[in-house]
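Chemist: Using the sequences plus the hints, can you model the full thing?
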Amino acid sequence: MPWTRRHLLTLEDLSLAEIEQVHATAAAFKRTLTRSVKKVPALRGKTIVNLFLEPSTRTRMAFTMAAKRLSADVISLDGSSSSTTKGETLRDTAQNIQALQADMIVLRHSAAGSPLYLSKILDIPVINAGDGAHEHPTQGLLDTFTMKEHLGRLKGRKVVILGDILFSRVARSNIYALNKLGAAVTLVGPSTLVPHWFTELGVKVSHDLRSALADAEVVMLLRIQHERQASSHFPSLGEYTSMFGLNKTRASWLNPKAIIMHPGPINRGVEIDSDLADGERSVILEQVTNGIAVRMAVLYLCAGGQPEHVYAAPDPA
Amino acid sequence: MSSLWIRQARIIDPASSRNAVGDLFVSDGRIVPSLSAAAKAAARQIDGRGLVACPGLVDIHVHFREPGQTHKETIATGSRAAAAGGFTTVVCMPNTSPVADNAGTIQFIKDATRRDAVVKVLPTGCITVGQKGAALAPIGSLKRAGVVAITDDGDCVQSNELMRRACEYAKMFDLPIMDHCQDASLTQGAVMNEGAVSTRLGLRGWPHAAEDVIVARNVILSEYTGAHIHLQHISSKYAVGIIRRAKTRGVRITAEATPHHLSFTDEELRTYDTSFKMNPPLRTASDRRAIIAGLRDGTLDCIATDHAPHTNYEKDKEFDYAPNGILGLETALAVSLGVLVGESKFKVAHVVDLMTRQPARVLGLPAGTLAAGAAADICLFDPKERWTYDARAGFSKSSNSPWHGRTLTGRVKTTIVDGRVVFDQGKIAEPAA
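Protein chains in written order, with our numbering: chain A, 3 to 319; chain B, 27 to 459.
Source of the hints: derived by calculation from the structure; they are not laboratory data. Certain hints may be false.
DSS-like, lysine-lysine: derived pairs with alpha carbons at most 25 Å apart [stated by the list, open to error]:
1. B:343 <-> A:122
2. B:343 <-> A:88
3. B:343 <-> B:423
4. B:197 <-> B:136
5. A:48 <-> A:32
6. A:40 <-> A:70
Modeler: As structure tokens, then:
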């Protein structure tokens, strides 16, 4: 099946076959990451603009790294240095970027739906690098890629997502991807941060950590985002940690082979015990590395590349 | 002595229990029972066959943006949009720039109306100074300047103490208080209904509880003070229930519903289309059904549009940043007929009542009837005509409408104000200079 999608806006839209194509393409690119010469010429001569109107370190660095590994030229623009601070609209900023002959825009924005909005305005591909509390599709793709590396097929696997789900785009993208891959997803956290509406997305909602963690094969922790919550969503970080923080005792309830994930940045001692974050079950840094391969795959495919060309490429000496 | 003779229209006037095919006569700007043979011979004749002739529609909730936001709408353009929609009397909200919290601004609006308007434009004044919810506006002076109600529309008065005093004070002048029911503490940053759809879209939710809390507060304060509080654009099923129970106790509250809350649900927001962004937001199918049921049994007294023009460049933004509000005047009748008659099997006369006599009654306006002696404010519409609405070709200065490009049934043909044809066959009849 050829890849036909030009934009990557959500995982809600992506089919299972497309998710698997991204994963297979990422696996092929991942093999290039350990070579001494890490660049491939796939996007030589293309210019990718990272338009990051909300702060980001990991995602922006991974997109930049991915573009460079594909031999694209990369320009990164952030909110504080762009004309948006002078009142320019997103439409005008993006149309200027297109007029400057960029080949692709990677957008990070605090407003949900803004990548879809841009995709309707522009002729060039738009990649969503996180839009408000809506979606973070490349994160969902790299998380499920990482899970598959450890667990193989995800069908029937018990995955727990723990923390601030309400404000999390990472949770939403993972929910869509995991549902399509057949995993059994349970969302856990305080009822203010995991409202019952989420059951309509086809997942379980629980506020009982013990039963949720029992025999889970993946636990994905989400950062408690102080900056997005007024003090009203939970009483204190201390109470959150005592009720929902992942510590060694609680980790022992998991399946013995379970992996611990976190999209970062982590708050040590808040949502996760510091030793667990560094422990042997933690795959947090593998997620970061996989983030490059997955984003290489996404940039490559949305620029018009076909997956089979990557699978078939011989490893250079 | 100018006369009009509307021939063989279906005359629907709920105020005088009239619903029959016949002729309607106008002399010197007033409805008259008949014309002399000489007057008939001189009268302008309008062929009403196949049309409904009803009182000119009354909209007690519009935003005409003048003074201060005349890039969106003016009293000139807004009143023309009203005429094109069959409205002959509209009540404009005070959230202009500056806000209408003093007699001078009311006088400005009245002067502009006299100069520019083609329909009757009635002002409201603010409840509080600057519409800031901290101190009472000069309500007595506003009344003397000619406001028909007071409201902080868009900025619901949060202080229960201040609202209580406003009720007591306004009651002294028999001035209704119109309230946009929204507890601001429950809606920080909210841009759409809170529910399954907002969860999916990652947009901040506006729970119906925020409306319900203030509706309940207003019922309590109305009952406590005896003041008349009118509840604007009710969107929540739960709120409809509160109002229904309060009315059975005889509380002096009235309420309105908008054509958009009758028509749409939050499912429309799936593509983040800002032409569906308004406040209060579109809610669920069950809320929508409750609004229709509320209009059916009189819990909700009338239809009002909340006509809220914004330019394309203002609406063309990320969903979070686009302003709330949509146009309503040019589509209200067709949309209401479509939902209430077409889908919910109301009688046409019932819809006419909800858009004429009832809104006039809510604010005590001398409008909404074709009784002999009344001002000859008349709307003639074809209840069957199907037409495609082009918001850009409309009379409003803006075109932010979710009905743009949609085919609607029921079309206004002629609008008459004080016996003068102001809109006919798609064109505004401009007054002689």
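Chemist: Run every hint past the structure and note whether it holds.
Modeler: Consistency of the hints with the structure:
1. For the proposed pair residue 343 (chain B) and residue 122 (chain A), the alpha carbon gap of about 12 Å is at most 25 Å, so the pair holds.
2. Distance check on the hinted pair: residue 343 (chain B) and residue 88 (chain A) sit about 16 Å apart at the alpha-carbon level, within 25 Å; holds.
3. Proposed proximity of residue 343 (chain B) and residue 423 (chain B) is supported: the alpha carbons are some 19 Å apart, at most 25 Å.
4. Between residue 197 (chain B) and residue 136 (chain B) the alpha-carbon distance is near 24 Å, which keeps this suggested pair within the 25 Å criterion.
5. Of the supplied pair hints, the one linking residue 48 (chain A) and residue 32 (chain A) holds, its CA atoms being roughly 21 Å apart against a limit of 25 Å.
6. A distance of roughly 9 Å separates the Cα atoms of residue 40 (chain A) and residue 70 (chain A); the hinted pair therefore holds under the 25 Å criterion.
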